[in-house]
Structure formats: structure tokens, C-alpha cells
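Participant: Assemble chain Y onto chain D, guided by the hints.
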Amino acid sequence: MIEQYTITTTPKYNFPQPTIDTTLPQRFVEQSIHSLKQVKPSAFQLNQQTFQQFRIFEQHPSHLQLNRTPITLKPNHQETIIAAVDTSTIKIGETSTGIIIAIRGATVWKRKRNYRYTRLGPFIFHITEENKREVYNTLEKAYFNTYYASSHQASPTLLQMPTRLACILERWLQTMLAKTVSQGLILFDGSLTSGTPDTPAQRMKEILSIARKNSNTVLAFSKMTSLRVNGYLITDQLPNHEPPYLLETTGLRFKPPIVMLGDIYVARLNKANYAFRLDIDRETPLQHRMEALEKLLGNDLYMQGYPETLRLAHILCTFTANEVLAMQHFITRKHGIQMINRPDMHKLLFGPFGKGEIYS
Amino acid sequence: MKLYKKEGNILQILSFPTESAEKGDYLLVEDAEAGKALIAQVIDVQFASIPGVLEELLRTLPDGGEPIQGEDIDPLEIAPHITYIQDASLLICKIRATLQNEMLSPSSSWLPSRSLSNIKKLSIPMLMKLAKVEGKLPIILGGTKDSSLLTIDASSLDGRLNIITGKKETGKSHLSKLLMVSLIGYKATVVIFDLNGEYSSLGMTADGKRNMYYDKIHALTPAQNFKVALEQLHLNVVMGILIHALHLPGVSAREFRRTWKSLKEKGKLTLHELGEAIRDLKCNQHVRDALSSRYHALVNSGFFTDNLAEATLLEERLLKSKEQGGAIVINLRNTSTIDRQIVVEYVLGKLVDALTSWKLKAVFLFAEEAHLYLRETYWDDIVTRMRHFGIFTTFITNQPDTIRESIYRQADNIFLFNFTNEHDLDVVSRASRVDAETVRSIARDLPPHHCLTLGKVVRDFPIVTRVRALDLKTMGETRLFFKDIN
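Line order of the protein sequences matches chains D and Y. Each number in this note's numbering corresponds to the 1-based position in the first sequence with 8 added. Each number in this note's numbering corresponds to the 1-based position in the second sequence with 149 added.
Think of the hints as simulated: they come from the structure by calculation, not from any bench. Here the structure is a predicted model, which means the values were calculated and not measured. Any given hint could be a false lead.
[Claimed, not checked] Derived lysine-lysine pairs resembling DSSO-like cross-links, with alpha carbons at most 27 angstroms apart:
no., chain 1, residue 1, chain 2, residue 2
1, Y, Lys622, Y, Lys469
2, Y, Lys155, D, Lys355
3, D, Lys355, Y, Lys154
[What the hints assert, rightly or not] Simulated restraints, written as ranges between beta carbons of each label pair:
no., chain 1, residue 1, chain 2, residue 2, range
4, Y, Ser169, D, Arg220, 56 to 66 angstroms
5, Y, Leu206, D, Gly306, 29 to 39 angstroms
6, Y, Thr232, D, Thr165, 46 to 56 angstroms
Where a beta carbon is used, it is the ideal one built from N, C-alpha and C, also for glycine.
Isolated chain D, as found in the complex (with noise of 0.2 angstroms):
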């Protein structure tokens, strides 16, 4: 059992929907303060190269084909809300016993022409090889429910955990955005490929249901994307054509437990020369999808032909390197952990021919 701390809620994260449940982001700040006061007052070590993660989770199916046929899309001005929500994390540094890692989530909307966000965190953890189970189990059950927790999946390995927990973050704000929009196109960074340890099916379900219960559209624009078909990247097929468009994909599958709960289009909505994998709920009838797309491009910017409020989340939840300074220095100054810098064996072994440490 977790010790519970009295948090006291001052308004600043009191969330103004009272139908929301607030159970995670406090249980967030909980985990976090009490990961924190399990550090012995020691030294830490500062990371040689800090690095920023962003989940990128794709296998390679087979039978996938491109039609290369594309959908012009029409903008649409129709006033619709745009939502947008991405999460970000960092590892800020080590201990003896396990890593310090920092995370946050923003979500960003755009209604009568203006861009609003909320950002969450940073939430600071001390991720040890002992607590690591504790604190992950006790964010999944306090806004999953328990349902899913700690039974179907083995515990993550700690450098699985930055991720794992920005997971939990991001789904909690994709859930939120889902009951709290309606009649509006929530955009959410990566895929709707679900199955994973990251992201249960059950769960991605259960977002795509709220969203349409509320008469949301749900698409999914992946950054960066391994599909290819014929050895090149579908996002590099691009026919002659004005954009905007869209090129249909067929025939893609992934064994189990892996499922796709969208189907998957290739995206260029201006004309720069970039075109995005875009996946859309499945769920969601063909002519919707086209009217969510046309009005996603009658009332949002396009830089790079990637949509303005998605790429403000991004933005906002990204660590600086000045806010992993400020935290280091949180964590010095609240938690009395002092840090040095240990020297870095790459550079010390092979001089300018050491790269520092790559992570994964």
C-alpha cells in the first residue's frame, strides 16, 4: 500500500470541468514527491547527453498496398474546434539506484481563431529498480481502474519507464479531450495502432468510443513512419497532384496482440513537400472522415503541411534544456541531492572519436 501524502489541491490544479476525474494528475504529483524523498541525500549524476523520448512503435507488416489515386480534399471554413495533445519526456539524471526522469503533457485547442493550451507537469520521478512496479501500477489503477493493471503485462525495465509513464499522461489527456469536446477533430501525435504495453487495445477503444459518443473525429498523424511498400516509405510515394490529398492505404496487418484501430492514409495537406501517415478512426464512416479532414484544413495553419495545434502541443510539452536545468536545480534545492559530473568514459577512452552514450 502507498503511503498517501496530503496533497493540498490549490486551484492552480484544480481542472475546471467538475465531471473530470482528477484521480491520475494527483497521484501523479504523489508518486512524484514521494519517488523524490526516497533519494538519500547523495550525489546524482548529470547525464553526459540528456535525451528527449517520443515514442516510435511500428513493425513491418506485410501485404500493405498504396493507392496511389488521390482523394483531393476541398477546406471546409465551417467553425469546428481543433484539440490537439501530445506528451513529452526526459531523464534529468541518475542516482545510485535508478534514474530521475521528468514529464509533461499539453493540450492545445483552437476555437474562433485563437490557440489555448493547458500543460501538465512537469512531473519529476525517481525511478528506482524497487519502486519502479509501485509507481507504475499505482498511476495505471488510479485512472484505469485496476482493470488493466499489473496483470496482463510484465513491469517495464527502468528505461522502459520514461515512456511507459508519459503513456499513462497522454492517454488520461486524450481521454479528457474526448469528453470534454464535442462536435470537434482531436488530433493525437503517432498511430492508432494499439495492442502494445504502451497502449492496450482496451484503452485506445475506450478513447475512440468517448470521442465519437461526443461527435468527435479522431486522427492520429505520425511524424515519422517505417511503412513502405514496394521498399520505399509511403510517405515518399507522392503522385503528380495539387494538394491537398490524401492516398488511401489497403491490406495492412499485424498479428496479434497487436490490432489497428484506424485505417491508414497518407496525408499532404499543403504544398510543402511533406506528407504525413495519418490514421483515422476506423469506426468513423468514410464520408465523415473526408468533411473532419477538409475542416481540419479550413480552420487550422499548416506549417510543413503538419497541423498548427498539433505541432503547439508538441512544442509546449518539449523539454528545454533550461528546464532541465531548472529542474536539476529543483531537485538540489528542494530534495538536497547534490550533483556532479562524472566523467564521461566514451570521451575519456576515445577522445573525440567518443560519441557520449546513445540510448534507445
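Facilitator: Relative to chain D, chain Y alone:
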């Protein structure tokens, strides 16, 4: 504060928002293990180069320049730490001295520990105490930023060459008046070339009452209460006027000398007789014309008289000042350029005479905008030869390029007010007692009435001071057309 870098005699110190340090402040970088400390002055304050700041700023303005509206839910309250890091500043400091065993040395050749050094602000009184800027003849210049008073010793102006410079309306004349009355207070003899008639009423308070200096200020206005009889003049002084102020050629000068001596032998050295003698002179027509034109220039100046009763004995005034201290203000306000030069030549000649014959011990000469009346050759004369006679000059100007570079190089003290013009700063930074970075960086940001004091008076520790107010009738105000309308 943390020591970040040392390059030559420049220190870079990382300072956090809770530690306020501004340009001009002094810092003590103590290395307890080495038993030494560096005294450094902040000459510039910059943002510390924090990685990621650009991204941080950019993401607040992603929407076509309009700040994006939103809410940050930051339960761990990291935001103040971000601001704290982001607002960190880098203090660029100039090493002024090393402190060891309470002794100062100008060395900056050692390196204090970066991790163990303790950096703290050094108050001006403490600095002055360490530098032993104290004496028996204190002159309070004004207040420093840490609310202490900057007191210099009057003896540090003795035998020195001083420059007061800054752009218009920054308070140069005010400081020169302060120095002047302070010197008079210590019974010094002061002569002022008052170009704008500002110093004549220094014996009065701002509300028109007599003050303690009333009997010590002697204002002399050429052609009014300041006239001289030829009889009182030494030939050398007259020759100086003719050659340097009136540009009399050599041949004519020889002829004049002969005429002068002849009149003096006859006891007929008056303006009238001199005019007659020149008219009757049997010599080359050009020489006679040259002498005649100079003679009329002397007459037209109104400065010379044959009436001994109205002639002023400058020497007497100087000797009177010698006893109790006093200032002879030569009011050059309504005097033409030629007449000004005549008067200045006369006064300087008389001063040299009085000093050479030890009638006077020394004189503090205050010269405002000296380029308007001082002949070319006098500049070097004043700072080299005349200094040895006992004329200690303070130049006051708002055009620093009118003072020769050689003067800056020999200046002992510089009182520098605000300058924004790069060219002006370039000129001043040629002074040997100052480094160009300090002048450029600090002088540019000085508010009005604030002065950067450099040189021997502050033992080469440049200090910014707000010059204290004086209850004197200054008369230095500019006449305004719209004054009454507004």
C-alpha cells in the same frame, strides 16, 4: 555568485536573480585557501548564455507574434526555478587589485578557485578604507549607489591635472563649482576662466543670500571692473598678448619691444603715448601698419586704461586670496574671441610671474571650454611647464576632442559624466589612468548628475557618484524662449 571565467584581467561571474549587482559595483572574490582576494569592478551585465532560452522564448510566441493563451498546471512549482535559471546574468568584471594581508597590489596574475571562491559585494566605504582614500582635507563629492558618501582628499587635486567632461546638461559645471568652493574652504587660491558667467555669484545662496564664500569670490569682468594700465604690465606679458593673441609677426614684435622700452625709460608708458609712438615710428610701412592694427585692437578691447585709479591690480587680489583662500573669477561671458585671448594671455602671464617670484605658492586653475581661448602652444605649457610653477589645471569641456590627446595621457584625475557618442568615448578612453572598456561601458549608462571618478583621487578605483547638491546661486541656466509660455 560563481566565478565562471578569467581572461586577462577580465572576470566573468555568474549571478542569479536574488543577487543584485550593477555596473560600477565592486566585488570581492575571496579564495580562502590562497589567502588572497581579487577586487573586481562590474563593467557590464549580460544575460548568461543558458541553453534552451531561445526555444523557451520562441514557444511563447508561436501564433503570428501574439502570445499564446493558456494555463500551466505545475504542481511541483518548477516554473520559479525556470525563471531563476533564465534570468541568471553574467557579470563582466575588470580586476582592479589583489588584496593580500590587507594590502592592495595591482596584480591580477593569479587564479582564484572557481569552485571554492566566495564572491560578495564590496561596499564603497570598505573599498575606500582598503585603498586608503582618506586624508585630512576631505571633499565630499556625493553619494554612491550603496548610500555611502564618496569623500576624496583635496590634496589629491594638488599638483594634478584634472579633466571634467561629459555631454551637455549632465552636471560638469556643478562638479567644478563643488571642487572650487571646497578648495577655497581649504584656503586655496583658485582662478576660473568663466566662459558663461556662471561662477560670479557663487558667493550667494540659491535664494540670493550671502554665503560663507561671499568674501572669497572675486568676479572680474574685463573692460568693466577688470582693467589694466600699461605701466603695470611686464613687457613679457604684453609681448605674449601681441604675439599669441594678436599674432604679431616677428619683425614687428622687435620694433614694438624697442618702442615699449623707449617709452618705459621716458616714464611715458600710456596708451596714448604708445599710439603716438607707433604713429611716428620710422620704419617699414607694413611694420607700422601691423603695430597700428594691434594697438587699436588693444584699445578697442577696453581692457587697458591710462587711468590708474580704475586699473585693477590682479596681483593684489591674488595675494589677498593667498591669505584666506579665494577665487578670482574671470568673467569672459560678453567678451569677443580676440579680447578673450588678450585677457587670458594677461592672466596666465601674471600668474606665471607671481608664481615664479614665489609671491604665490600655487594656483588651482579652472578652465571651461579652454579651446575657445587657449592658444595651441599653451596646452602643453599648462600641463608641463606651468605645473612646475604651481598652476594646477582642471579642464571642463563637453567636447572632449577639443582637448589634446597628450593632455588626456597626462591627466591625473578624470571626472566623467554621461557620453553616448562613440567618438567622444573613444577620445576619453585614451587617458592613461583608465581602461577603454570601463569608460565605454559605464559612462554610456551614467544618469544625469552621476559622475565616474577615475584616477588618483580614488586610487585608480573608478567609482560612480551622484554629485551632491550645492546651495549656491549657479547662474548656469540656459535662457529659454518658451520658459514663461509653459
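Participant: Against each hint, give a clear statement of whether it holds in the structure.
Facilitator: Cross-check of the supplied hints:
Only pairs whose Cα atoms come within 27 angstroms are accepted, and Lys622 of chain Y paired with Lys469 of chain Y is accepted, the gap being roughly 23 angstroms. Restraint check for Lys155 of chain Y and Lys355 of chain D: satisfied, since their Cα atoms lie roughly 26 angstroms apart, inside the 27 angstroms limit. Taken as a hint, the Lys355 of chain D and Lys154 of chain Y pair is honoured in the structure, with Cα atoms around 23 angstroms apart against an allowance of 27 angstroms. At about 58 angstroms, the CB distance of Ser169 of chain Y to Arg220 of chain D agrees with the hint of 56 to 66 angstroms.
Remark: the range hint 29 to 39 angstroms for Leu206 of chain Y to Gly306 of chain D is upheld by a beta-carbon distance near 31 angstroms. At about 36 angstroms, the beta-carbon gap between Thr232 of chain Y and Thr165 of chain D misses the expected band of 46 to 56 angstroms.
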